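These protein sequence lines are chains A and B, in that order.
So that you can map any letter, position 116 of the first sequence is 115 in numbering that gives the first Met the number 0, and since no number is skipped, the others follow by simple counting.
So that you can map any letter, position 151 of the second sequence is 150 in numbering that gives the first Met the number 0, and since no number is skipped, the others follow by simple counting.
Each hint can be trusted.
From the derived model, a few chain B residues whose C-beta atoms are all more than 12 Å from chain A:
#1 I25
#2 L32
#3 R34
#4 A41
#5 P198
Below, in silico cross-link-like pairs of lysine-lysine (DSSO-like), each with a Cα-Cα straight-line distance of 30 Å or less:
#6 K1/A / K24/A
#7 K177/A / K119/A
#8 K134/A / K119/B
#9 K134/A / K134/B
#10 K134/B / K119/A
#11 K1/B / K24/B
Think of the hints as simulated: they come from the structure by calculation, not from any bench.
Bear in mind the structure is a predicted one, so any value in this text is a computation, not a measurement.
A virtual CB, placed ideally from N, CA and C, is assigned to each residue, including glycine.
2 protein chains.
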Amino acid sequence: MKLYDGGRAPNPRRVRIFLAEKGIKIPTEQIDLGRLQQRSDAYTAINPMQRVPALAVDDGTVIAESIAICRYFETLQPDPPLFGRGALDSALIEMWNRRAELHLLFPVASVFQHLHPAMKEMVNPQVPAWAEANKPRVFEFLNFLDGELRSRPYVAGGEYTVADITALVAVDFMRVSKMAVPESLSHVRRWHEAVSARPSAAA
Amino acid sequence: MKLYDGGRAPNPRRVRIFLAEKGIKIPTEQIDLGRLQQRSDAYTAINPMQRVPALAVDDGTVIAESIAICRYFETLQPDPPLFGRGALDSALIEMWNRRAELHLLFPVASVFQHLHPAMKEMVNPQVPAWAEANKPRVFEFLNFLDGELRSRPYVAGGEYTVADITALVAVDFMRVSKMAVPESLSHVRRWHEAVSARPSAAA
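Whenever a hint applies, use it, and build me the whole structure from the sequences.
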């Protein structure tokens, strides 16, 4: 088994944190995104979508998409459960993970991809107006999340889950786009401090 | 249990097709998106994200996000399996469902949302340049999918899955943005004919 990893990009980090929470260690290979190595013929043969992460399992099959990789490990090693247990619990965690993706991680990433000079070559065409349209969405969602976190410790409820991983990675990635969690959002800040203090956050 | 449904929009249709494939019938309530009913106080109390579909279960808990709702029903009624069985099979179906979302459904929806005059009030601001940037992405993915479908009947493999539902809904939604599957993509067209012929496609 081998994980194709990609440094500081948010999606590879989601998988690394997930594996750290599970206590799973596997061999990795770094794909150098700065040098567009994900577009090389060799890597395109591994993941035709030219994205990291990707996981090659022992029979050679490749699983791409961060959450697909996480779910694979969740099935192989259910403890600790990061996608929930039982129909309702699992559905609510899926809901919160998707909200954290659609309304936080993707908007944060869009601001970076469509404004940052370093992304000029990778994102063609950059649409700065799209980046600007996403900035208020980031803060709207954080505001909503702050209200939710008033009454519970983690994004999806009483336990740390994959939804916390997605939200943590998104919040940390705000920095490269010069955005920050407003001081007034005390519940988001308390949550961010707590999830950042876990050893997995260093992954 | 009650499903908050939303007419011809792609996400509510994903859930309706999923339920039809499972043979599950539940009470529904239509939310009138044309009249922005999803932004009413009453509906915002049900889903603060102001989106359809949403499922209220018997204890009053609300599950939002199409795929979270589908997964809930998959756990309640595993047959026929639409998210796969076993770690690898399920991961590959998750991967293909996400590819169909990220590289087909979302780009198709972005073209509609950011160009169509009917969306002016709902999408603020519309960013026409973002719509234009998404058009080639739709055709690139369909081209890639055509190559994949050369050697298998369905999007994720030998069986019909949730990934086919996402891709079908996306392809059908191309029409409102005046896009069509090119004649040359014979494998996509054969697949589209096959999945459209299933009774569930009428949902």
